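Construct all of the structure, not just a fragment, from the sequences and the given hints.
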Amino acid sequence: MLEEELGKGPSGHGFDDERWTLARVQTVIRRHLRLSLSVATVWRLLKRHGWSWQAPARRALERDEHAVELWKKEVWPRVKASRRPTGPGSSSRTSPDSP
Numbered sequence: 024m025l026e027e028e029l030g031k032g033p034s035g036h037g038f039d040d041e042r043w044t045l046a047r048v049q050t051v052i053r054r055h056l057r058l059s060l061s062v063a064t065v066w067r068l069l070k071r072h073g074w075s076w077q078a079p080a081r082r083a084l085e086r087d088e089h090a091v092e093l094w095k096k097e098v099w100p101r102v103k104a105s106r107r108p109t110g111p112g113s114s115s116r117t118s119p120d121s122p
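Quick note: the sequence shown uses our numbering, first residue 24, plus one each step.
One should not assume that every hint holds.
Simulated DEER-style distance windows between Cβ atoms [claimed, not checked]: (1) Glu97 to Leu56: 21 to 27 Å; (2) Glu26 to Ser59: 33 to 39 Å; (3) Arg86 to Glu41: 14 to 20 Å; (4) Arg82 to Arg53: 32 to 38 Å; (5) Gly32 to Glu88: 28 to 34 Å; (6) Ala90 to Thr50: 31 to 37 Å; (7) Asp87 to Ser34: 25 to 31 Å; (8) Glu88 to Met24: 26 to 32 Å; (9) Arg106 to Gln77: 16 to 22 Å; (10) Arg47 to Asp87: 39 to 45 Å; (11) Asp40 to Val102: 23 to 29 Å; (12) Leu60 to Glu88: 39 to 45 Å; (13) Arg53 to Val91: 32 to 38 Å.
These are calculated hints, taken from the structure and not from any lab test. Fair warning: this is a prediction, and the values are worked out from it, not measured in the lab. C-beta atoms are modelled at their ideal positions from N, C-alpha and C, and glycine is treated no differently.
The following block contains the structure:
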């Protein structure tokens with residue numbers, strides 16, 4: 024029954040585009056089979072039945088290579104650097120270092 028529902032495509036279930044995501048499959052299962060499964064369980068179920076993730080066969084025609092390279096060179100280093108520093112510490116309120 025699930026394969027029949029998935030065969031209708033995402034738009035057949037009210038989604039805006041034709042991409043199946045695990046969350047969307049999870050929603051279809053919940054609506055039509057009345058089962059509440061985790062996303063991880065949905066992935067295992069699909070994998071067990073021969074479904075796999077799909078990568079696009081080609082790049083989008085609208086892709087602007089210059090903009091992508093500029094973003095990688097200028098924006099990504101700032102985004103990557105803005106992460107909190109990792110190191111020893113405690114977020115516990117009961118830490119001996121707490122006042």
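Now for the hints, and whether the structure bears them out:
Under the hint 21 to 27 Å, the C-beta atoms of Glu97 and Leu56, about 47 Å apart, miss the expected range. Range check, Glu26 to Ser59: about 20 Å between beta-carbon atoms, so the 33 to 39 Å window is missed. The supplied range of 14 to 20 Å is met by Arg86 and Glu41, whose beta-carbon atoms lie about 19 Å from each other. Restraint check, Arg82 to Arg53: a C-beta distance of roughly 34 Å satisfies the suggested window 32 to 38 Å.
Between Gly32 and Glu88 the beta carbon distance is about 31 Å. The supplied range of 28 to 34 Å therefore holds. At roughly 33 Å, the beta-carbon separation of Ala90 and Thr50 lies within the given 31 to 37 Å, and the hint holds. A beta carbon spacing of about 27 Å between Asp87 and Ser34 agrees with the range 25 to 31 Å that was offered as a hint. In this structure the hint that Glu88 and Met24 lie 26 to 32 Å apart at CB is violated, the actual value being about 44 Å.
Between Arg106 and Gln77 the CB atoms are about 31 Å apart, so this pair departs from the stated range of 16 to 22 Å. Between Arg47 and Asp87 the beta carbon distance is about 28 Å. The supplied range of 39 to 45 Å is therefore violated. At roughly 26 Å, the beta-carbon separation of Asp40 and Val102 lies within the given 23 to 29 Å, and the hint holds. Between Leu60 and Glu88 the beta carbon distance is about 40 Å. The supplied range of 39 to 45 Å therefore holds.
For the pair Arg53 and Val91, the supplied restraint of 32 to 38 Å holds, since their beta-carbon distance comes to about 37 Å.
The structure shown violates the earlier hints numbered 1, 2, 8, 9, 10.
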